[in-house]
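Using the hints provided, position chain B relative to the given structure of chain A.
Below are the chains, spelled out letter by letter.
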Amino acid sequence: MTALVELTDVSKFYGNIRALEGVSLEVHAGEITCVLGDNGAGKSTLIKIIAGLHRHDAGTFTIEGEEVRLDSPREALDRGIATVYQDLAVVPLMPVWRNFFLGSEPTKGAGPFKRLDVAKMRETTRSELLRMGIDLRDVDQPIGTLSGGERQCVAIARAVYFGAKVLVLDEPTAALGVKQSGVVLKYVAAARDAGLGVVLITHNPHHAYLVGDRFVLLKRGAMAGSHAKSEIALDELTRQMAGGSELDQLSHELARAGVATDGEPSDKGM
Amino acid sequence: MSAEATAPADERLLRRGILRRLMGRPELGSVVGAAAVFVFFSFVAESFLQTSSLSTVLYASSTIGIMAVPVALLMIGGEFDLSTGVMVTSSALVSSMFSYQMTANVWVGVGVSLLATLAIGFFNGFMLTRTKLPSFIITLGTFLMLTGLNLGFTKLISGTVSTKTIGDMEGFDSARAVFASHLTLGGVDLQVTILWWFGLVALATWVLLRTRVGNWIFAVGGGSDAARAVGVPVNKTKIGLYMGVAFCAWISGQHLLMSYDVVQSGEGVGNEFLYIIAAVIGGCLMTGGYGSAIGSAVGAFIFGMTSKGIVYAQWNPDWFKFFLGAMLLLATLLNAWVRKRAEAK
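Which chain is which? The protein sequence lines are A and B, in order. Start counting at 1 in the first sequence, then tack on 324, and there's your number in the working numbering. Start counting at 1 in the second sequence, then tack on 1, and there's your number in the working numbering.
Simulated from the structure, these hints should not be mistaken for lab results. Every residue gets a Cβ at the ideal spot worked out from N, C-alpha and C, and that includes glycine. Among the clues, some could well be false.
Stated by the list, open to error - Listed next, the stretches of chain B that the computed footprint assigns to chain A, with coverage defined by at least 3 CB atoms under 8 Å from CB atoms of chain A:
1) 208-215
2) 218-224
3) 231-237
If we strip away everything but chain B, and leave its shape as in the complex, we get:
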């Protein structure tokens, strides 16, 4: 604290700072984990290192990753969303059924779906901030209601559990180009969702680390009363986070619809946990206030590698969920350990 101690203290800062900064990153545990999984499957599955396998792995990662990004932000903000999995399906159903029933251009359905999905997100956030009930309960309610609505409306309107095909409708081709096309980059076939995913990760990272809103997200998760006391709009931040989740559910939903042209109304149940797992493996704290968007991407990448690696290694995919569970436990333990080391004085 005294003046003469200043100079040596600054030297120590330089040396310790780099190590500490690295150790203090929330992604560190997941990056170590991802490297381990990558090396492991490189050895046990011969075809794992081929470029075609890599693009398959990236595609699988992106379908989870697109949702893991906003879910990670929401968890940093201290809340959960259990309705994400079925919200993706709802979004696809609204889009498909609106276009078909109104015989409108597919893009009209896509637009209506965006509004409807954002409204669901707003509902989640509004109910949470108004009632002050745990987000677990609120979104569990939304989850069940959406599951019922998905099935009920689809049967009511199309008579079966899946929607009618919209593949021959006006605007479908351009919508498919945006949400479910392939591109070939340097001989590698890449799904457009990978671009969406990378774009969202970059955007979320920028928002989190370099904008006022990002500062508020960390604050409402790490101490919402303290944040409110210094003038942070806590409720608006939380509602915004839920609407961010809804926006990404809309992207995922449109991808789901455009890659086939029909949607099964029962899909999506259980996926909400995959998104949460990716976020947690990526270093998000269950209690909020800590985590990163890049971490969620690494978490999703681990998911993609494991789910496809098991196939390439020609194992029985029945074991996949076991690996996922074990990975979640290991990652959480590693994160806890790393953070304890990083925060030790």
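Next up, chain A with everything else stripped away, as it sits in the complex:
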């Protein structure tokens, strides 16, 4: 079976800065591919290439077997790739229903009387969100008044409604509390069960391991590992993600600095 999205040895340079080099990943329908990495590992660059915001400089990028070079987010959307960004998923001051259809608004009428199908937009927004378990008091409220988790869910519901085949999620749980993260992860799993291929970008290995099928680790713009879930345990994933030997070094340094590593509480100092 052909992968929905496949990157092979993809690189991106900004002038003489190597933002991404030799990264490969596969996204299959009904699977979640997690991209893990610390700050500055190249996660954002990777997402921008898949979303069509930047063009890659080297390597191949195929969508359903066809090699592409995306010039705009519109092109990515037309090919079924929908991206939900952590901060820029929605326009806060606009009502929920306007946000839901932004960029793909349904119209009725023709010529100069072509107008938004407002009744359909409101009704669809309400029913689609209800289907995902979000019961809005009022679809007219500015989306900025929703909680961070709800906003992410609206953005995910929107992508699913518009028939995305691949859903790219940029740190959907980064700014959320434990409970809200759980809610968002539930919708991510729901999107996967609906047959979408999902790319989940995160720096939280615990969240990734809960839902992921494959894990790609990035470090300083390069691949640091690629594993199927059956090949790796959470502890090992966490260790690799945090930089393995660097973590050992860190605990060594902390121990020398007088931090109790053996769990014995100390009432000196603080």
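Quick look at chain B alone, frame taken from chain A:
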């Protein structure tokens, strides 16, 4: 969130919805302000309530209002235009000088002026989207350049600071009928600019609230990165907004020319702020993403009432700018307060 909570939640929606919808309208602050100004001048100026005064007030409002509409749309789209005041003059100058120098029908000059003015608007939008510099800087540059060109070209061509009269040229009468005539409706003398103004407000409101482009205007102002990410053509929308401003500057410019038949090349400087003030009093946010075309009309109406009301009250008009400034502050504070209440969960 649970199923049993659905029914009572819907009841609450009905009751709160009406109040909230009213409170959430961007125009609300300006309508309250306009009512206050109207009542105030009705008491202090006896002649304020006569129909002839009303038509004078409406005319004064329309000259600002025609430009306040596109400026409001532009501000909702998150940008400024400081070149609007002199752009109106440029548009009138091009039209007048082209007709006169080519001894062409006035309508030819009007057509050339439309193209030239739209080109200025395109230039503003294109420079903004290409360079990503703040619109404040780009349009400040355009403002200064146009001011210089207006004066320089007029002196070069006519030898004085004003254009030659085109009042006796072919097509002037019909052009005046379109841009600067009077009509009498039910005994009230109305300037045709009032019709232009109302027409533009209606058109802009329709575009903003009921078309895809309107949705995009709100989106590019409220979060241009988010808009771009979901496929909104951000750059085209912004360039279009600047060209909308230019189109209305063309209407205003032709009115300026046709009401007298000559144009002073130094006119228009400072008017750009009046347009912005009308838009802000009408509920437009300085940061973009929020506002309305009707609000800008109410803002322009407040401007008209104040500028003429002071005359009818027989006060020294020197005080006018003070009132305008105070009104701007009050309106902005009121808007901020109303919006905070409306958005409170």
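Hints violated by the structure (listed by number, smallest first)
none
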